[in-house]
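Please model the complete structure; the sequences and the hints are all you need to start from.
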Amino acid sequence: MTGPLYPFLTSGDATTQEEVTRSTAAKATESLHLRLRLLRDLGPSLTACAGALSSAFRAGGTLFAFGNGGSSTDAQYVAQLFSATGPGGLPAISLTGDAALLTALANDVDFDVVFARQLAALARPGDIAMALSTSGGSANVLRGLREARRRGMVTVGFAGSGGGRMAEERLADHLFVIPSPSVHRIQEAQTTACHVLWQLVQQAPAAP
Amino acid sequence: MDQHAPTTSPLDRAAAARTVPGRALADDADRVAAAARDMAARFRHGGRLLTFGSAADAGHVAVEFTHPVIVGKRALPALSLANDAGPITGPLTGGAGSPAARLRLLGRPGDIAMAILTGAPCPGALDTLRAARELGLLTVALTAGGGMAAEVDADHVLAARSGDPLIAREIHITTYHLLWELAHVFLETPGTDPPTPPGQPACRTDDTCLTCADTAVPARITELRPGRLALAALDAASGGEGDTEEISVALVEAQVGDMVLVHAKEAIAVLGGDTR
Numbered sequence: 031m032t033g034p035l036y037p038f039l040t041s042g043d044a045t046t047q048e049e050v051t052r053s054t055a056a057k058a059t060e061s062l063h064l065r066l067r068l069l070r071d072l073g074p075s076l077t078a079c080a081g082a083l084s085s086a087f088r089a090g091g092t093l094f095a096f097g098n099g100g101s102s103t104d105a106q107y108v109a110q111l112f113s114a115t116g117p118g119g120l121p122a123i124s125l126t127g128d129a130a131l132l133t134a135l136a137n138d139v140d141f142d143v144v145f146a147r148q149l150a151a152l153a154r155p156g157d158i159a160m161a162l163s164t165s166g167g168s169a170n171v172l173r174g175l176r177e178a179r180r181r182g183m184v185t186v187g188f189a190g191s192g193g194g195r196m197a198e199e200r201l202a203d204h205l206f207v208i209p210s211p212s213v214h215r216i217q218e219a220q221t222t223a224c225h226v227l228w229q230l231v232q233q234a235p236a237a238p
Numbered sequence: 012m013d014q015h016a017p018t019t020s021p022l023d024r025a026a027a028a029r030t031v032p033g034r035a036l037a038d039d040a041d042r043v044a045a046a047a048r049d050m051a052a053r054f055r056h057g058g059r060l061l062t063f064g065s066a067a068d069a070g071h072v073a074v075e076f077t078h079p080v081i082v083g084k085r086a087l088p089a090l091s092l093a094n095d096a097g098p099i100t101g102p103l104t105g106g107a108g109s110p111a112a113r114l115r116l117l118g119r120p121g122d123i124a125m126a127i128l129t130g131a132p133c134p135g136a137l138d139t140l141r142a143a144r145e146l147g148l149l150t151v152a153l154t155a156g157g158g159m160a161a162e163v164d165a166d167h168v169l170a171a172r173s174g175d176p177l178i179a180r181e182i183h184i185t186t187y188h189l190l191w192e193l194a195h196v197f198l199e200t201p202g203t204d205p206p207t208p209p210g211q212p213a214c215r216t217d218d219t220c221l222t223c224a225d226t227a228v229p230a231r232i233t234e235l236r237p238g239r240l241a242l243a244a245l246d247a248a249s250g251g252e253g254d255t256e257e258i259s260v261a262l263v264e265a266q267v268g269d270m271v272l273v274h275a276k277e278a279i280a281v282l283g284g285d286t287r
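Quick note, the sequences are listed as chains A and B, same order. Just add 30 to wherever you are in the first sequence, counting from 1, and you've got the working numbering. Just add 11 to wherever you are in the second sequence, counting from 1, and you've got the working numbering.
The reader is advised that the hints may include incorrect statements.
Unchecked claim - Covered by chain A, per the in silico footprint, the following chain B stretches (three or more residues, Cβ under 8 Å):
id, stretch
1, 21-30
2, 41-47
3, 53-59
4, 65-78
5, 172-183
What the hints assert, rightly or not - Partial pick of chain A residues on the chain B-facing surface, computed with a CB cut under 8 Å:
id, residue
6, Lys57
7, Ala58
8, Leu66
9, Phe141
10, Val143
11, His214
12, Thr221
13, Leu230
Treat the hints as calculated values from the structure; they're not laboratory data. For clarity, every value in this text was computed on a predicted model and none was experimentally measured. C-beta: ideal position from N, C-alpha, C; glycine also.
Shown next, in the form of structure tokens:
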């Protein structure tokens, strides 16, 4: 079913290279506009979040990133970016990389607990939980955020469209909702948000 | 925020740095579409997508193709060569677990190799691309700008117009989302298949390859061939009308006369012997 994405394909006309190119260029442009809008509208919140993360890192905190599917790879990248890039690496871990843990928890208990259980074992008050979701409704991500809050962590949440239950239940101290219905455009904008957040943390002034 | 110099705030700089590369991707739409068209042709003929380079993005591409976010899109075979750290870091492998070595083991001539290179390409990634070209895979490289793609030799080089690895990565993510979407558009649109590349086995002379489709189809083994291959007659009910195709029977114990279930030229189950 390509109808909603490429209306010209359902018209019965032969697809032309020009039509595909035009549609592709429009999507690339939409992606850019969403990224610029995010930086404009959510910029102050990103700056405030960077300040909170910077304080948490200075107090010895560790960042734990998590998400499902494509968002799990973003969590992996965020952990890598914070810990291995820049003048001083910051302690950051992805909760999505350990297949032994993930399969054990999913098999023995339930997939809903895969992040919450790891946070219960590893996290301390003052650590950072960074949840990545396009829907804001993944049960395991929401449980991870609830566990993080119970443990006194700084909670950061990324979601898309309306923000889902992550927004409704106010599960994140710092919530970033990308205003788009497209999973792809949401992920693309979230990546920019994560990258800029890292840059802002690097530049955050030392606490008095 | 400093009111006297608003244009130099980090957020303004972040936005400014993304504008030109973002527009450049839109300008490159025809090149992205050309890569997707060639990828679709490989998928149509049973090829798979092997990804490497940035491990996180290689994994993202693999899940994007095998488990589509849009319900109803067929799963396309893809796997990340950068995903399993075990063989790469194992002390006994002597480099045998490197992406290049894994590609030589796993890659087939009809496959697609995709390198995602957000910074200066490391020797390992260039080796892997070279191995892919030697084997006859279609090669697609997503590279950073600023001259970092100079050494990269691939059928399709899609360069982000930024030397900043973070911005290049953002462009790459949009690029591979577009490649996924366009691959489906070309797969679902008849008449967009380019001519079969030299050295690539054509499945059938017409536009459709029944056993390359998402669903498995029944076929009857008519002849066993060396290398765990077999000639199979497609079941008339599946639209094959008795046409024969060479398939692999490496995964099953099949004899001449057996009905087997075939998916992407691989017999995946024996349905039973000849009962006629």
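Hints, one by one, checked against the model:
no.	hint	in the structure
1	21-30	holds (count 6)
2	41-47	holds (count 3)
3	53-59	violated (count 0)
4	65-78	holds (count 9)
5	172-183	holds (count 4)
6	Lys57	6 Å, holds
7	Ala58	4 Å, holds
8	Leu66	5 Å, holds
9	Phe141	15 Å, violated
10	Val143	21 Å, violated
11	His214	4 Å, holds
12	Thr221	5 Å, holds
13	Leu230	6 Å, holds
Figure legend: structure checked against the earlier numbered hints; hints not met, in rising order: 3, 9 and 10.
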